[in-house]
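**Q** So you can see what is in the structure, the chains are spelled out below.
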Amino acid sequence: MSDEPALELVDVDGGYGEVQVLEDLSLQLEAGEIVCLIGPNGAGKSTALKTAFGLLTPWTGSVRYHGEDISGTAPEEVVRKGIGYVPQTDNVFGSLSLDENLRMGGVAREDDRLETVVEELYDRFGILREKRGAKARELSGGQRQVLAFARALVTEPDVLLIDEPSAGLAPNTADEVFADVEAVNAMDTAILMVEQNATKGLEISDRGYVLDQGTVAYEGDADGLLDDPEVSELYLGG
Amino acid sequence: MAVLGLLADGLVFSSIIVLGSIGLSLVYGIADFANFAHGDTMTVGAYAALVTFGGLSGVGGPSLLGLPAAFFLALAAGFVVAALVAVVTEKLVYEPLDIGAIGLLITSIGVAFIYRGLVRIVFTAESTRYDVQSIRPIEALVPYGVRVTYHDVAIVITSVVLVGSLHALLQYTDLGRKMRAMADNPELARISGIRTDRIRLVTWTVGGGLAGVGGTFLGLFNRLSPRMGFNLLLLVFAAVILGGIGSVYGAMLGGLLIGVVHESMPLLSGLGGLLPLVPDTLGIPVGIEYAEAVAFVIMVAVLLVRPTGIAGEGT
Ligand SMILES: Nc1ncnc2c1ncn2[C@@H]1O[C@H](COP(=O)(O)OP(=O)(O)OP(=O)(O)O)[C@@H](O)[C@H]1O
Ligand SMILES: [Mg+2]
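Residue numbers (the working numbering), protein chains in the order written: chain A, 31 to 268; chain B, 5 to 319.
The shape of chain A in the complex, shown without the other chains (with noise of 0.2 Å):
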């Protein structure tokens, strides 16, 4: 593989419409990295995921995939190429069955290994299989998340956008969740992880970015920010 990032964001500006959230916005994602991007509310870190995955198409700048500009790639070609998606809401299909969420999470396979990749999800996630035939909707906050991760793993990606996947969870249960994350990083998958728990989630990253107005406001190691006295005071809640 090349020495290029597995995702980089370039000078991106972006938004919706008319309205303008990100501003020369540049990101990288090295291979097998956790990288947690914080900031405040509506600072643009769920566009800049969405523009990640092609659900939006850069103004200016470039996102690129192992060197490759995959800019404006709509998300049903991007998830071939690679790359995974959590969105922050509505990450289920509530109607469908649980086993038929994750079928669906294996639309992009080009292969004959569905089977196998979903029997080995289940064995990873036990309370799946325990529930496999319930509708989505069904389940609790806490599960539904795992299935919204789960769905997402159904491809293999090699690199995961996930959009807070603590959110709404009480704290136990948002603990399982970050462990499942690093656990899926632990098999060659890079993360980029938006996260409004921002100690939480540097706690489990490499690196991390301050986003703030659309732009990185701070970037380093993710232990260097949970040490930097402005970021702490600023974003981490003091």
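Do not rely on the hints blindly, as some may be mistaken.
[As the list claims (entries may be wrong)] Computed far set for chain A versus chain B, every beta-carbon distance over 10 Å:
#1 GLY91
#2 GLU130
#3 GLU150
[Said to hold, decoys possible] Here's a subset of chain B near chain A, in silico, CB distances under 7 Å, partners left out:
#4 ALA185
#5 ILE198
#6 ARG199
Calculated from the structure, these hints are not laboratory results.
Glycine included, C-beta positions come from ideal geometry on N, C-alpha and C.
The hints should help you fit chain B with the ligands onto chain A, whose structure is shown.
**A** Same frame as chain A, now just chain B with the ligands:
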């Protein structure tokens, strides 16, 4: 036993409404817009069947349930042409427009006028019928007050087969799962890698085709006229809303209910005769011409209790 007879009539009429409701609901599910051209799509199917049937008049072959084999070919043509018209309209009109659900709704009213106008230009505003022999009600059922013909039986059986096939498609095939996934959450469908453009066209095909079959049966049940589908549209909407808009299974249930209620109107005026302890002369004298209004009253009553419809899923 007038009740049985009315229920039987209701079942036949319901079958037609159900065939119309499914497409309306499917399209609402994926495109979030109320397609007012759907009734006229039924009309298009009916007239396509008329032309095909006319063209096949020389063809012999066995007849089934009082209908010549050519009629079933005409029915298939009704499906194909209505599906094609729906798909082409989606491609040429709705898809290129980026104007939101209300804009599309209004556009579809215009599309409805175009379909209807074209049908009128070619076939005039006069009503007409399929050139099939009228047949008498099935003798064995008449003593029970059920006056249905083999044609009615053909309508019900064909509809049950089509609805059953759709159910199998939706539940047990990959394509069907993708259709449901897309109706559930279009953005997540794309994120998962579903090529939603294709699914959208399949949905229009199925919805338009079933409307074409429904229209053909409506022409067999009553007569054909350029307004036939539009006149039915409000009932079809009532069925879809009653069932829970966007839910295919709700549309089936809603269609069944609305059809039966619509055909059961005479029961209200004869209520006293049906209920014990109530004088036979007592009744709610509602003329058959108010059948649609009553269907809507029932719809509103159900929605008051269950605002999302029978099979609706909350938000
Ligand atoms: N679909 C949309 N259309 C228009 N503007 C939007 C849309 N979604 C988000 N925005 C706006 O873009 C800005 C950035 O939103 P974004 O969701 O990226 O923020 P965020 O950093 O993820 O915030 P949060 O922590 O609340 O999730 C906000 O001002 C928001 O109001
Ligand atoms: Mg967000």
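**Q** Take the hints in turn and mark each one as holding or not.
**A** We went through each hint and held it up to the structure:
1. GLY91: holds (22 Å)
2. GLU130: Violated, since 6 Å does not exceed 10 Å.
3. GLU150: Its Cβ never comes within 10 Å of chain B, the nearest being 18 Å, so this holds.
4. ALA185: Since the shortest Cβ distance to chain A is 5 Å, the answer is holds.
5. ILE198: This interface hint holds because 5 Å falls under the 7 Å limit.
6. ARG199: This interface hint holds because 5 Å falls under the 7 Å limit.
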